[in-house]
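Asks: Listed below, chain by chain, are the residues.
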Amino acid sequence: MNAQAGIEVREISYAQAIREAMDIALSEDERVILMGEDIGVYGGAFQVTGDLVDKYGTDRVMDTPISELGGAGVAVGAAMTGLRPIFEFQFSDFATLAMEQIVNQAAKVRYMLGGAVSVPLVMRFPAGSGTGAAAQHSQSLEAWLGHVPGLKVVQPATPEDAKGLLLAALDDPDPVMIFEHKLLYKMKGQVPSGRYTTPIGKAAVRREGGHVTIVATAIMVHKALDAAKALEDEGIEAEVIDLRTIRPLDGDTVLASVRKTGKLLCVYEAVKTLGIGAEVSAMVAESDAFDFLDAPIVRLGGAESPIPYNPELEKAVVPQVPDIIEAARGLAEGRT
Amino acid sequence: MPDSTATDRNVPYAIRAYSPDQLIEALRKMYLIRRFEEGAEDSYTRGLIHGTMHLSIGQEASAVGACMSLTDDDKITSTHRGHGHCVAKGADLGKMFAEFFGKETGYCRGRGGSMHIADVEKGNLGANGIVAGGIPIAVGAALSAKRLGTGAVTVCFFGDGANNEGAFHEALNMASIWKLPVVFVCENNRYGMSTSTERSTAVKSIADRAAAYSMPGERVDGNDFSAVTEAVDAAVARARNGDGPSLIENVTYRWRGHSKSDRNRYRTKEEIAEWQERDPIARMAAMLKEHGITDDAAVASIEKDVEQAVEAAIAFAKDSPAPRIEDATRDVYSPKVAA
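Sequence order for the protein chains is W and A.
Quick note on numbering: full-length UniProt numbering labels position 51 of the first sequence as 51, and the sequence is numbered without any gaps.
Quick note on numbering: full-length UniProt numbering labels position 276 of the second sequence as 276, and the sequence is numbered without any gaps.
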């Protein structure tokens with residue numbers, strides 16, 4: 001974290017932290033605008049923008065029609081011509097409607113034009129399951145966008161990072177996609193007041209340990225920390241890495257940990273196959289850290305299924321704390 | 001723009017609105033586009049250009065006419081058939097050919113090719129390989145202009161095929177509700193690849209779709225330079241005045257196929273010949289001669305001048321260096337800004 005001196009640290013929620021970042025950006029820079037569905041007087045579907053419209057007006061906190069493709073394209077065009085839009089998708093699932101503008105335009109304009117223009121665009125995607133909203137409102141699609149050169153993709157897991165990564169995204173000249181797990185919005189944490197940034201492309205070691213490395217994203221960071229705490233009683237010391245950014249990936253932090261522990265467990269909510277776990281595993285396999293592995297790599301990811309409605313089924317299709325404990329224990333004890 | 005008076009009501013709008021020098025320059029640009037496209041086609045046939053290209057021969061009045069009242073601060077967004085728009089907005093032919101030839105000196109340093117040529121300094125935000133991809137982007141540029149108070153107008157070119165994309169409808173709606181300074185210029189050349197507008201589009205005139213978004217819509221003869229400028233100039237003035245967007249439909253025709261793979265099986269030779277009779281450049285030249293603005297000798301001189309300009313541009317492109325292989329992934333992201 002790169003913060004100013006003498007600032008106050010308070011406990012606020014993840015959603016409040018994002019709102020605070022947007023408030024700072026709107027107050028500091030006239031070019032910043034917010035766009036999205038029902039982000040004005042409604043305050044956003046998850047109350048993230050809250051009452052910002054009262055402070056900045058409807059010209060800067062713009063309710064868009066339910067037009068994800070067009071809205072995303074307007075944000076791209078605005079970013080190319082001098083504004084700094086922050087575009088909120090109501091649910092990350094709705095990004096499927098806007099893929100053309102995100103993937104073909106935002107990500108590629110700079111390259112296609114030989115660097116003549118850049119697209120300083122921030123998009124926010126409320127993601128993940130656990131709200132009973134079923135298959136079309138619960139997906140974790142970050143790896144889709146992580147596969148696209150030209151985009152940067154972050155997944156803040158804490159209120160502090162939610163604010164710092166959003167401000168870093170606004171400072172970035174290229175499009176940054178921020179995936180926010182919906183179950184984190186109400187989570188509270190220590191957040192410095194004022195402006196600071198959290199570096200994009202840098203993972204955080206949330207807990208040190210010498211027996212097994214757990215690489216996790218978003219809400220799985222917290223589940224991994226809970227699992228690590230339980231394993232402590234069994235004498236197993238897990239190191240928990242919060243990836244924070246999935247493009248560009250922070251290889252150094254992951255590889256250093258694997259060299260130390262010789263065991264790797266990847267935990268993420270998105271569908272297990274062809275996801276971030278595969279990428280992290282391959283990164284280790286392709287590096288010298290492979291020689292340090294004492295056991296096969298283990299991935300825990302979402303089931304090969306849409307997210308179901310029934311609450312017990314919904315929990316069953318994504319990794320839970322007991323799953324992480326079992327997998328980590330197995331690795332630490334050499335039982336995989 | 002000079003005021004028109006009651007006495008010259010029968011004089012075409014363009015003659016009234018623009019000086020002889022401006023009109024001759026417009027004619028020159030139309031010839032330049034025609035010769036440019038022929039030069040591109042010829043270079044393709046000789047194997048100097050790979051990939052594909054979409055030629056706009058026959059649509060020159062639309063490109064040049066729609067840009068007449070724009071300044072370099074005004075923006076355009078263009079399409080896969082965008083060479084003419086690029087020339088009309090003032091691009092350098094050498095840099096355009098260099099891009100076709102995949103050279104480092106091209107507008108996109110050889111990374112974009114025909115479908116992505118842009119000229120940001122002149123306000124051209126780029127051609128686009130995705131049908132209707134540029135329409136919401138144009139609305140975004142208009143949003144910037146309004147918020148930042150630049151006074152700039154965006155002209156958004158697209159073809160008839162784009163009018164059935166969702167992005168078209170979403171973008172026009174937003175431009176209208178936010179009263180943005182954008183002019184939507186549909187170049188209806190009657191076919192989206194092989195599918196005619198009769199078969200693809202539920203309305204007879206694409207301009208009718210403006211009604212759904214509470215904006216003026218006008219269908220004009222897109223091969224009549226004066227008709228195009230009259231409609232687009234009014235829409236640009238309206239946009240600049242803060243009165244919001246308009247939709248202009250320029251009815252025109254592409255003489256060549258959709259792209260280099262087109263076997264022209266969906267239209268007849270007679271139809272093509274009939275449209276060639278309505279050549280926008282010949283009509284423009286005739287109009288200027290009729291009003292004493294130019295003559296045969298001057299037109300011949302323009303044609304010769306244009307021929308030389310295209311030859312010089314091709315020579316520049318041929319002689320230009322290719323990009324370095326080690327730079328293949330440069331420009332995916334912006335250079336790291338020092339902390």
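Think of the hints as simulated: they come from the structure by calculation, not from any bench.
Just so you know, not all the hints are guaranteed correct.
Unchecked claim - The calculated lysine to any residue pairs, modelled on SDA-like cross-linking and capped at a C-alpha distance of 20 Å, are:
| # | chain 1 | residue 1 | chain 2 | residue 2 |
| --- | --- | --- | --- | --- |
| 1 | W | Lys55 | A | Arg147 |
| 2 | A | Lys336 | W | Ala116 |
| 3 | A | Lys146 | W | Leu26 |
| 4 | W | Lys202 | A | Lys336 |
| 5 | W | Lys272 | W | Gln320 |
| 6 | W | Lys55 | W | Asp93 |
| 7 | W | Lys260 | W | Arg299 |
| 8 | A | Lys146 | W | Asp63 |
| 9 | A | Lys122 | W | Tyr111 |
| 10 | A | Lys179 | A | Arg147 |
| 11 | A | Lys336 | W | Val117 |
| 12 | A | Lys179 | W | Arg60 |
| 13 | A | Lys179 | W | Ala116 |
| 14 | A | Lys146 | W | Tyr56 |
| 15 | A | Lys336 | W | Leu249 |
| 16 | A | Lys336 | W | Arg299 |
| 17 | A | Lys289 | A | Arg278 |
| 18 | W | Lys260 | W | Glu232 |
| 19 | A | Lys146 | W | Asp29 |
| 20 | W | Lys202 | W | Pro248 |
| 21 | A | Lys146 | W | Gly57 |
| 22 | A | Lys146 | A | Arg278 |
Asks: State for each hint whether it applies.
Replies: Tested hints:
A C-alpha spacing of about 17 Å is found between Lys55 (chain W) and Arg147 (chain A), which places the hinted pair at or below 20 Å, so the restraint holds. Distance restraint check for Lys336 (chain A) and Ala116 (chain W): the Cα-Cα separation of roughly 16 Å lies within the 20 Å cut-off, and the hinted pair is therefore satisfied. Distance check on the hinted pair: Lys146 (chain A) and Leu26 (chain W) sit about 17 Å apart at the alpha-carbon level, within 20 Å; holds. Pair hint Lys202 (chain W) plus Lys336 (chain A) holds up; C-alpha atoms about 15 Å apart against a cutoff of 20 Å.
Only pairs whose Cα atoms come within 20 Å are accepted, and Lys272 (chain W) paired with Gln320 (chain W) is accepted, the gap being roughly 14 Å. Only pairs whose Cα atoms come within 20 Å are accepted, and Lys55 (chain W) paired with Asp93 (chain W) is rejected, the gap being roughly 29 Å. Taken as a hint, the Lys260 (chain W) and Arg299 (chain W) pair is honoured in the structure, with Cα atoms around 19 Å apart against an allowance of 20 Å. At most 20 Å may separate the alpha-carbon atoms for a hinted pair to count; Lys146 (chain A) and Asp63 (chain W) meet this at roughly 17 Å.
With a C-alpha separation of about 19 Å, the suggested pairing of Lys122 (chain A) with Tyr111 (chain W) holds against the 20 Å cut-off. For the suggested pair Lys179 (chain A) and Arg147 (chain A), the alpha carbons sit about 12 Å apart, so the restraint of at most 20 Å is met. For the given pair, Lys336 (chain A) sits about 15 Å from Val117 (chain W) by alpha-carbon distance, which is consistent with the 20 Å threshold. Distance hint between Lys179 (chain A) and Arg60 (chain W) is fulfilled; the C-alpha atoms sit about 15 Å from each other, no more than 20 Å.
Among the hinted pairs, Lys179 (chain A) with Ala116 (chain W) is inconsistent with the structure: their alpha-carbon atoms are about 29 Å apart, more than 20 Å. Between Lys146 (chain A) and Tyr56 (chain W) the CA atoms are separated by roughly 16 Å; this keeps the pair inside 20 Å, and the hint holds. Distance check on the hinted pair: Lys336 (chain A) and Leu249 (chain W) sit about 16 Å apart at the alpha-carbon level, within 20 Å; holds. This hinted pair does not check out: Lys336 (chain A) and Arg299 (chain W) have alpha carbons roughly 33 Å apart, beyond 20 Å.
Between Lys289 (chain A) and Arg278 (chain A), the direct Cα distance comes to roughly 17 Å. Compliance with the 20 Å bound is thereby established for this hinted pair. Between the alpha carbons of Lys260 (chain W) and Glu232 (chain W) the distance comes to roughly 18 Å, so the proposed pair stays at or under 20 Å and holds. Between the alpha carbons of Lys146 (chain A) and Asp29 (chain W) the distance comes to roughly 16 Å, so the proposed pair stays at or under 20 Å and holds. About 8 Å separates the Cα atoms of Lys202 (chain W) and Pro248 (chain W), which keeps this hinted pair within 20 Å; it holds.
Between Lys146 (chain A) and Gly57 (chain W), the direct Cα distance comes to roughly 15 Å. Compliance with the 20 Å bound is thereby established for this hinted pair. A distance of roughly 39 Å separates the Cα atoms of Lys146 (chain A) and Arg278 (chain A); the hinted pair therefore is violated under the 20 Å criterion.
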